[in-house]
Amino acid sequence: MTNHPLLLVPLLLNLVGGIFTLALGTQGAASVLARLRGVGFDRAHRMLNTMQRWVAVFLAAIALGVVLTLVLQTFAADAPLTYRLGGWQPPYGIVLVMDGLSALFTLMLSLVSFAVLLYTAQCRDDTMNRDLYIPLALFNLVGLNGVFITGDIFTFFVFMEVTVMSSVVLVASADTNKSPNKGGIEAAIKYLLISAMGTLFLLVGIGLVYAAFGTLNMADIGLQSSEGTAPALAGVGAAVLLCAMLLKSAVAPFHYWQPDFHTAAPTPMSALLSSVVVKIGIYGIFRLVTLMFPEFREEFGAPLVILGVIGVIFGGLNALQTHNLKRLLAYSTLGQIGFILVALGWGGVAGLTAAIVFSFNHALIKSAMLMLAGLIASRTKEKTADLIRHVGLGRGMPLISLLFFVGALALAGIPPLNGFIGKLAVVQAGVGAQGWLGLGLTIGGGILTLMYGMKTWQRIFQSEHDHNTAPLKPFNQGDSPLAPALLIGLCVVLGLAAAPLVNAALVAATRLMQPSLYISAVLSLGGG
Amino acid sequence: MDLVLAVTTGVLFGLGVYQLLRRDLIKMAMGFYILFTAINLFFFAVGAFNSEVAPYVLAGVKATLVSEAIGSLKVPADPLVQALLLTAIVISFGSYALLLGMFQRASRVLKPEGDTRDATLMPGDLNSLRDTPDWDSASRKGAEA
Numbered sequence: 001m002t003n004h005p006l007l008l009v010p011l012l013l014n015l016v017g018g019i020f021t022l023a024l025g026t027q028g029a030a031s032v033l034a035r036l037r038g039v040g041f042d043r044a045h046r047m048l049n050t051m052q053r054w055v056a057v058f059l060a061a062i063a064l065g066v067v068l069t070l071v072l073q074t075f076a077a078d079a080p081l082t083y084r085l086g087g088w089q090p091p092y093g094i095v096l097v098m099d100g101l102s103a104l105f106t107l108m109l110s111l112v113s114f115a116v117l118l119y120t121a122q123c124r125d126d127t128m129n130r131d132l133y134i135p136l137a138l139f140n141l142v143g144l145n146g147v148f149i150t151g152d153i154f155t156f157f158v159f160m161e162v163t164v165m166s167s168v169v170l171v172a173s174a175d176t177n178k179s180p181n182k183g184g185i186e187a188a189i190k191y192l193l194i195s196a197m198g199t200l201f202l203l204v205g206i207g208l209v210y211a212a213f214g215t216l217n218m219a220d221i222g223l224q225s226s227e228g229t230a231p232a233l234a235g236v237g238a239a240v241l242l243c244a245m246l247l248k249s250a251v252a253p254f255h256y257w258q259p260d261f262h263t264a265a266p267t268p269m270s271a272l273l274s275s276v277v278v279k280i281g282i283y284g285i286f287r288l289v290t291l292m293f294p295e296f297r298e299e300f301g302a303p304l305v306i307l308g309v310i311g312v313i314f315g316g317l318n319a320l321q322t323h324n325l326k327r328l329l330a331y332s333t334l335g336q337i338g339f340i341l342v343a344l345g346w347g348g349v350a351g352l353t354a355a356i357v358f359s360f361n362h363a364l365i366k367s368a369m370l371m372l373a374g375l376i377a378s379r380t381k382e383k384t385a386d387l388i389r390h391v392g393l394g395r396g397m398p399l400i401s402l403l404f405f406v407g408a409l410a411l412a413g414i415p416p417l418n419g420f421i422g423k424l425a426v427v428q429a430g431v432g433a434q435g436w437l438g439l440g441l442t443i444g445g446g447i448l449t450l451m452y453g454m455k456t457w458q459r460i461f462q463s464e465h466d467h468n469t470a471p472l473k474p475f476n477q478g479d480s481p482l483a484p485a486l487l488i489g490l491c492v493v494l495g496l497a498a499a500p501l502v503n504a505a506l507v508a509a510t511r512l513m514q515p516s517l518y519i520s521a522v523l524s525l526g527g528g
Numbered sequence: 001m002d003l004v005l006a007v008t009t010g011v012l013f014g015l016g017v018y019q020l021l022r023r024d025l026i027k028m029a030m031g032f033y034i035l036f037t038a039i040n041l042f043f044f045a046v047g048a049f050n051s052e053v054a055p056y057v058l059a060g061v062k063a064t065l066v067s068e069a070i071g072s073l074k075v076p077a078d079p080l081v082q083a084l085l086l087t088a089i090v091i092s093f094g095s096y097a098l099l100l101g102m103f104q105r106a107s108r109v110l111k112p113e114g115d116t117r118d119a120t121l122m123p124g125d126l127n128s129l130r131d132t133p134d135w136d137s138a139s140r141k142g143a144e145a
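Keeping their order, the protein sequence lines are chains A and B. Counting in the working numbering, the first sequence runs from 1 upward without gaps. Counting in the working numbering, the second sequence runs from 1 upward without gaps.
Simulated from the structure, these hints should not be mistaken for laboratory data. Heads up, some of the hints might be wrong.
Okay, the calculated bits of chain A under chain B, using three or more residues with CB under 8 Å as the criterion [as the list claims (entries may be wrong)]:
1) 158-169
2) 193-204
Cβ-to-Cβ under 10 Å is the rule here; a few derived chain B residues that face chain A [what the hints assert, rightly or not]:
3) A77
4) V81
5) A88
6) M102
Quick caveat, the model's predicted, so the values are computed rather than measured. Glycine included, every Cβ here is placed at the ideal spot set by N, Cα and C.
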């Protein structure tokens, strides 16, 4: 069994980057630079702020390269890659594991975080001038990277808390007396309290699982529960863990914090939150139903399908009636998470493949759309995302109009874009699982996506604009469209050439259906 | 001992949930911490207390020798649970501090104009403070992006 220290690199890069940019943001660094370059303190401070942003972009680019290498290695190898922290033989100690699922989720995270940091680097919002913004964003990425590659359920909890704390501070910091961004603190408090309840449930679940199995290693839990020696307590633990994951993913009965939180976040942060952070719970559910408790797959399937269908319809209807562009996209996330849950609930190789492909594509589309929303808002005088104020705002922005149109179509799942591939996979899974009622309701709810997408596009880009009520800033004072354009381009490419992603997801799903592969790789059974 | 732990955990859970649902922010924060204490106690009950011998012994001294020395034949307690407990305490304490800081900031930022009360000493519920946005209604002037 070989160790793959490369698994540590994305984690360490972001951690070291966070600490480095933290140092760059201090007053001391600014006064040293002011003395060295012979410029004023304020100017040195601004230079350091710019440096922070580009350091983050640079690190994200390196991390993307490393993750691509790791993904290629993972799919080339037969067994998942593992790294034992401190050299402890599992089930003792903490182990990092990258199998097909982790690889695709980490790749999704790296792509989105690169785009998000690129957008941040060119963003003119005041929030991004804060010394702590970039370090906190990087610490957030440490948590996200860790969640997707850890093979230990308690470490999963710790990394999730890292993500929660940093995103709470990022959202709250946007709300000051002067800024027009009201509601940031309220949303942050709401999220902190509700996510603490999720954490509580997660801890209770971990405690129950530990009491039942005497281990925290996911592979060891999977091994023991596949041997059929699981006591009744394990079932309770699994159900509690499932609830915690649903809460973290903002699924219908636990969703109410999500629209507030994602609306109040600064644009690049809301792009990250609404595309990748909500997938933490999805990833946890994947691990629950395939690795740790495969015997409960049937029991968990039905509620997941029901909750998913509720999410699709509820999210779609809410998105139709809201008057804030960012909030519309947050509600849309609620609906799209529903699609993923439905596919997960149907299960089987087809269902898991569909869920992976849909998650991946949704992250790219949604982060691009949220950045476009921020971009449009950055052109208004008071920086608003209110759709009433947006009527006809985009008449003079042909490029943004095109990007938004393509993004809305991709979100709705129109061929030949990548959203279509995801929806097609979900439909195939539904046909395979014979879930006709769920399938019909899901497709019906999917039409809502097209409705609100097109309604919004027409309102912003096709209506007459009244310059007296909503004056517009010139192009060069808005944010740069580079990052969303890159993501939308990727969406088109993944729609036209979908085979690599779908095949990778198929391989990942096939391996997920054989948990013994993961278990023997982590515990080095079978002569490893 | 098990009964004591079970009853205490249950009572703390009840207290925590009750406090958390009150409208006052400070009482809410208390509820938050009481709930986490309940969880920590629950972890304690899971396995940290299944023996009377400490899991950590001096270098070179075997655990059995230690247990003989204090007149008990039990195996050492599970060190992992204690480590988890420690981590959970640290994280819950951190969350609690963050929450209190947030409440303090909220009472400062959301203070209605003309209110001269000392912001740091002002509890009370969020709704009585500044009008927070009603996102879904069309009448609002607009939220920032």
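>> Tell me if the interface restraint on A88/B is satisfied: Cβ within less than 10 Å of some Cβ in chain A.
In response: holds, 6 Å
>> Checking hints one by one. Is A77/B an interface residue toward chain A, by the C-beta closer than 10 Å rule?
In response: A77/B check fails; min Cβ-Cβ to chain A is 13 Å, beyond 10 Å.
> Does the CB of V81/B sit less than 10 Å away from some CB of chain A?
Replying inline: holds, 7 Å
>> So, as I understand it, the hint says M102/B touches chain A; can you test that by seeing if any CB pair is closer than 10 Å?
In response: holds, 5 Å
>> Between the stretch 158-169 of chain A and chain B, are there enough contacts, at least three residues with CB-CB distance under 8 Å, for the coverage claim to hold?
In response: holds (count 5)
>> Under 8 Å between beta-carbons, do enough residues of the stretch 193-204 of chain A, three at least, approach chain B for the coverage claim to hold?
In response: holds (count 6)
Hint violations for this structure: number 3 only, all remaining hints satisfied.
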